Amino acid sequence: MQLYDQTTFECSKLITKCYSTSFTLGIKTLDKEFHLPIYAIYGFVRYADEIVDTFHGFDKKSLLERFKADTYRALEEKISLNPVLHSFQTVVHEYGIEYDLIDAFLKSMEMDLYETSYTRQGYEEYIYGSAEVVGLMCLYVFCKNDKEKYQQLKSSAQRLGAAFQKVNFLRDLKSDYIDRGRVYFPGIDFTIFNGKAKDTIEADIQADFDAAYEGIKQLPSGAKWGVYLAYIYYKALFKKIKRLPASQIMQERIRIPDPLKLVLWVQTYCKHKINYL
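The numbering of the sequence shown is full-length UniProt numbering, which starts it at 1 and goes up by one.
One thing to keep in mind: the hints can contain errors.
[Unchecked claim] Below, simulated EDC-like cross-link-like pairs (lysine to aspartate or glutamate); rule was C-alpha separation at most 16 Å, straight line:
| # | residue 1 | residue 2 |
| --- | --- | --- |
| 1 | Lys107 | Asp31 |
| 2 | Lys60 | Glu125 |
| 3 | Lys147 | Glu110 |
| 4 | Lys78 | Asp53 |
| 5 | Lys144 | Asp31 |
| 6 | Lys107 | Glu125 |
| 7 | Lys107 | Asp53 |
| 8 | Lys154 | Glu98 |
| 9 | Lys154 | Glu214 |
[To be verified] Computed beta-carbon distance windows for the label pairs:
| # | residue 1 | residue 2 | range |
| --- | --- | --- | --- |
| 10 | Asn168 | Phe55 | 30 to 36 Å |
| 11 | Thr119 | Val266 | 24 to 30 Å |
| 12 | Gly122 | Val263 | 20 to 26 Å |
| 13 | Lys147 | Asp189 | 32 to 38 Å |
It should be emphasised that the hints constitute simulated quantities derived from the structure, not laboratory data.
This structure is a prediction, so every number in the text was calculated from the model and none was measured.
Cβ atoms here follow ideal geometry from the backbone N, Cα and C, with glycine treated the same way.
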């Protein structure tokens, strides 16, 4: 069984490496004890997201329902022949991750099958399920069953996840709105998207980033640098988006070049070494 467990975690690690070089680099900056659990969480959320976003030409609804049923079966039986689900259920049980977080995540994935625009309430529900709960799952791992520490950092972890997701929405406006017909931000008319609307969204994101940073400073030492690096990456992407006109982010996907990512890695490493985060 030990060999099976190992190979399932390696599958989630491979998925992470293939889908996100930035996230993989971020995980490597965590203490080694956190690597495989975070890979397992990423593999789970990545595959669920792929079903609704990229499995075109297939019955996405049926596939997601099957994935959902298989997830709960894996959690109940504490084993799965799906390596992604097996490694994920192992982490859920080891760190006591609440099932409510998994429920909320899968509900948000279902929302992507049906919803093309959101009210304020629907938007907040989607953000919570698609991003905030992922941050909370990771926080369970970082706190290692220290419930008091988890409760102390819970709000900041949610705000960080929300900030990341909202930046993703701005970055992916072209593919979400033009290609998929999705409008996540409530009350925004993207047929006349302008600087004023963009400023409103950016102010909300900035507030999330500010609140999140306070929590990052209080994270356990083994997790602090990795989470801070992700925070800095997204802040750099956010700053780039802020400098661009609304018309440009409607036409292209904004990216951070790899050389800048390397510079940010070095800068955050130096801060980490002198305990200046």
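Quick rundown of the hints versus the structure:
no.: 1; hint: Lys107 <-> Asp31; result: 31 Å, violated
no.: 2; hint: Lys60 <-> Glu125; result: 21 Å, violated
no.: 3; hint: Lys147 <-> Glu110; result: 30 Å, violated
no.: 4; hint: Lys78 <-> Asp53; result: 28 Å, violated
no.: 5; hint: Lys144 <-> Asp31; result: 13 Å, holds
no.: 6; hint: Lys107 <-> Glu125; result: 9 Å, holds
no.: 7; hint: Lys107 <-> Asp53; result: 15 Å, holds
no.: 8; hint: Lys154 <-> Glu98; result: 13 Å, holds
no.: 9; hint: Lys154 <-> Glu214; result: 11 Å, holds
no.: 10; hint: Asn168 <-> Phe55: 30 to 36 Å; result: 19 Å, violated
no.: 11; hint: Thr119 <-> Val266: 24 to 30 Å; result: 43 Å, violated
no.: 12; hint: Gly122 <-> Val263: 20 to 26 Å; result: 39 Å, violated
no.: 13; hint: Lys147 <-> Asp189: 32 to 38 Å; result: 44 Å, violated
Hint violations for this structure: numbers 1, 2, 3, 4, 10, 11, 12 and 13, all remaining hints satisfied.
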